[in-house]
Amino acid sequence: MANRVQIPGRNSALIAMIADEDTITGFLLAGVGNVDLRRKTNYLIVDSKTTVKQIEDTFKEFTAREDIAIVLISQYVANMIRLLVDSYNKPVPAILEIPSKDHPYDPTHDSVLSRVKYLFSAESVASERR
Amino acid sequence: MGQEEEKGCSENGVESKEEEQDEQENNVLRFLDSLDSYLVLMDSLSSTLRQGWMELASARHSMGASRLNSALFDLKHHNAATSLEVNHHDDTTMQQTYFNLCKWASPDTQNLCSKETKLEEGELLQRKASSPQIRHRGASRSSVTVDDQVQKERSKSLSVFGALVSPKLRGAQLSFETALETLVEIANIRSSILCTHDQVQEGMKTMT
Numbered sequence: 001m002a003n004r005v006q007i008p009g010r011n012s013a014l015i016a017m018i019a020d021e022d023t024i025t026g027f028l029l030a031g032v033g034n035v036d037l038r039r040k041t042n043y044l045i046v047d048s049k050t051t052v053k054q055i056e057d058t059f060k061e062f063t064a065r066e067d068i069a070i071v072l073i074s075q076y077v078a079n080m081i082r083l084l085v086d087s088y089n090k091p092v093p094a095i096l097e098i099p100s101k102d103h104p105y106d107p108t109h110d111s112v113l114s115r116v117k118y119l120f121s122a123e124s125v126a127s128e129r130r
Numbered sequence: 001m002g003q004e005e006e007k008g009c010s011e012n013g014v015e016s017k018e019e020e021q022d023e024q025e026n027n028v029l030r031f032l033d034s035l036d037s038y039l040v041l042m043d044s045l046s047s048t049l050r051q052g053w054m055e056l057a058s059a060r061h062s063m064g065a066s067r068l069n070s071a072l073f074d075l076k077h078h079n080a081a082t083s084l085e086v087n088h089h090d091d092t093t094m095q096q097t098y099f100n101l102c103k104w105a106s107p108d109t110q111n112l113c114s115k116e117t118k119l120e121e122g123e124l125l126q127r128k129a130s131s132p133q134i135r136h137r138g139a140s141r142s143s144v145t146v147d148d149q150v151q152k153e154r155s156k157s158l159s160v161f162g163a164l165v166s167p168k169l170r171g172a173q174l175s176f177e178t179a180l181e182t183l184v185e186i187a188n189i190r191s192s193i194l195c196t197h198d199q200v201q202e203g204m205k206t207m208t
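Note that the protein sequences, when read in sequence, are chains S and H. Quick note on numbering: the first sequence equals residues 1 to 130 in the UniProt record's numbering. Quick note on numbering: the second sequence equals residues 1 to 208 in the UniProt record's numbering.
Please keep in mind that the hints were generated in silico from the structure rather than gathered at the bench. Just to be clear, a hint being listed does not mean it is correct.
[What the hints assert, rightly or not] Simulated pairs of lysine to aspartate or glutamate, EDC-like, Cα-Cα distance not exceeding 20 Å: (1) Lys40(S) - Glu61(S); (2) Lys76(H) - Asp67(S); (3) Lys117(S) - Glu202(H); (4) Lys117(S) - Glu25(H); (5) Lys90(S) - Glu185(H); (6) Lys40(S) - Asp74(H); (7) Lys90(S) - Asp198(H); (8) Lys76(H) - Asp106(S).
Let the hints inform the model, and build the full structure from the sequences given.
Following this line, the structure appears as structure tokens:
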């Protein structure tokens, strides 16, 4: 199963990443790294020197590119640009918040779950009934 | 006659309301199932990633930090060996996106894969017609070649960090490959959550 290969069709797309060095290293080992002719990569390594503006600009760039289908973003990085991530509502590219070494996954901050959690709120049910 | 027609219409109205309620309940069940799957997969992803990070840390310990860092990343033009196939499913009630992972699919592997698929189909037909003891050396040779190509792509990915790498680094590579597979499943479940959420919302609006 691990060696079975799928043939990519004409609508093949990339996985982009905004994460810490170890997470990016791991996924590059898995073969998702792409560098185009302008030497633009499909990943951004976030460290202590990376500014919030750089992260925002990279997020906007990745979500605007047509050749990217999934954007992986460490949840602690997503928290730095939470408004931008939560306001994103297109189906493609899909934004997936992933844990990092020092920050485990927190479902209360996940943008997908935040979008749908109001359905479980007692207030929303009561207001619908009124 | 008029009373019978009215009775028929009201029965039809009641039936269609019941059908709407059943449909809404099915939508809610699908939505809750998707949510549950999403959380289970995120948990599985967390453990796979933890394993991958541990293996990376062990590899860094045995190879040295200077041999395993981002300064060694290949910044020359190259295409991703692992990519995604995106398909959209449209029907009258919903539009859902499906992601399919294509691992280690370089152009060479693609050509070999198409040959392998044709040989496998031919093999199946022949096996049905004849004895199962007949060996098809052509098909098995092609699948071995595909495996070789996959291993070649894996080695190429590892070679960024030198010719001789720690077995832990190979282990980390496999862990992150597994994490990728889980992530694609999560992406598909996310698509299902958003789609069923919209259906449940629509249902709530029509029922109020």
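For this session: Could you check the structure against the hints above and give me the numbers of any it violates, in ascending order?
Result: 8
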